[in-house]
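Enquirer: Turn these sequences into a full structure, and let the hints guide you.
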Amino acid sequence: MDAHILTLLKREYPEVRGTALRHRNPVELLVATILSAQTTDVQVNKVTEKLFKKYRSAEDYAGADLEELRNDIRSVNFYRNKGRFIQECCRMILNDYGGSVPDSMEELVKLPGVNRKTANVVLTNAFGKVEGVVVDTHVMRVSRRLGLATESKREKIERELMNAFPREEWAILSDLLIAHGRRVCRARNPRCEECVLRERCLHYRKMRAEGKE
DNA sequence: CTCCCGATAT
DNA sequence: ATATCAGGAG
387 MDAHILTLLK
397 REYPEVRGTA
407 LRHRNPVELL
417 VATILSAQTT
427 DVQVNKVTEK
437 LFKKYRSAED
447 YAGADLEELR
457 NDIRSVNFYR
467 NKGRFIQECC
477 RMILNDYGGS
487 VPDSMEELVK
497 LPGVNRKTAN
507 VVLTNAFGKV
517 EGVVVDTHVM
527 RVSRRLGLAT
537 ESKREKIERE
547 LMNAFPREEW
557 AILSDLLIAH
567 GRRVCRARNP
577 RCEECVLRER
587 CLHYRKMRAE
597 GKE
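The first sequence lines up with residues 387 to 599 when you count with my numbering.
Just so you know, the hints here were simulated from the structure itself, not pulled from any lab data.
Hints should not be assumed to be uniformly reliable.
[What the hints assert, rightly or not] Straight-line distance between alpha carbons at most 30 Å, and here's what the computed DSSO-like set of lysine-lysine pairs gives:
{"#": "1", "residue 1": "K592", "residue 2": "K515"}
{"#": "2", "residue 1": "K436", "residue 2": "K496"}
{"#": "3", "residue 1": "K396", "residue 2": "K432"}
Expert: Written out as structure tokens, the structure reads:
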């Protein structure tokens, strides 16, 4: 593993551990994470602040009128799919899992709207069970720019990162890469001048070699 | 690969 | 105007 990258990022973002998605229990985190697909956490937190007052349990989502639930999450994108996913997840949680959000990767990915990324968020942040690395678009972009990953599919990048770092660093690793992706290593106009990793970044060295920036 | 399909930054 | 945002399903 590249221990130095972790050291530099930990120094840069000492307070990052934990999701930025506000939640008080596994159901709330599951709902928030489903809503967060292709959506900023700021927007999700705005919606869930009201949502969690109206829907207090898996039963509330399961028994809700679907169109009403969709209307309650209207300001996030893909709200029609997400509304259906949330309701179906909660129905499965009640029918198949005794009312509790399952706490294993194997069971979580059976829920509609839940793949490895969402499952990893819930496992890591609600149950403290780290079964993989959270690979969102920030983690994908940053780890590819740095040269930590060469693949282009989520699952393959996750595997590369799992091989490159020990399990006890997986949770902090994804939090750090996400923070760095949001603040410095942005999709557009990355702030390479402010980046503490630029001397070990493939993307930066390539840009500099080509005379851009 | 296409569809889903709102808010925000540039 | 449009690219992009803590993706996943068919």
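Enquirer: Now look at each hint and say whether the structure bears it out.
Expert: For each hint, the structure was consulted:
no.: 1; hint: K592 x K515; result: violated, 38 Å
no.: 2; hint: K436 x K496; result: holds, 28 Å
no.: 3; hint: K396 x K432; result: holds, 28 Å
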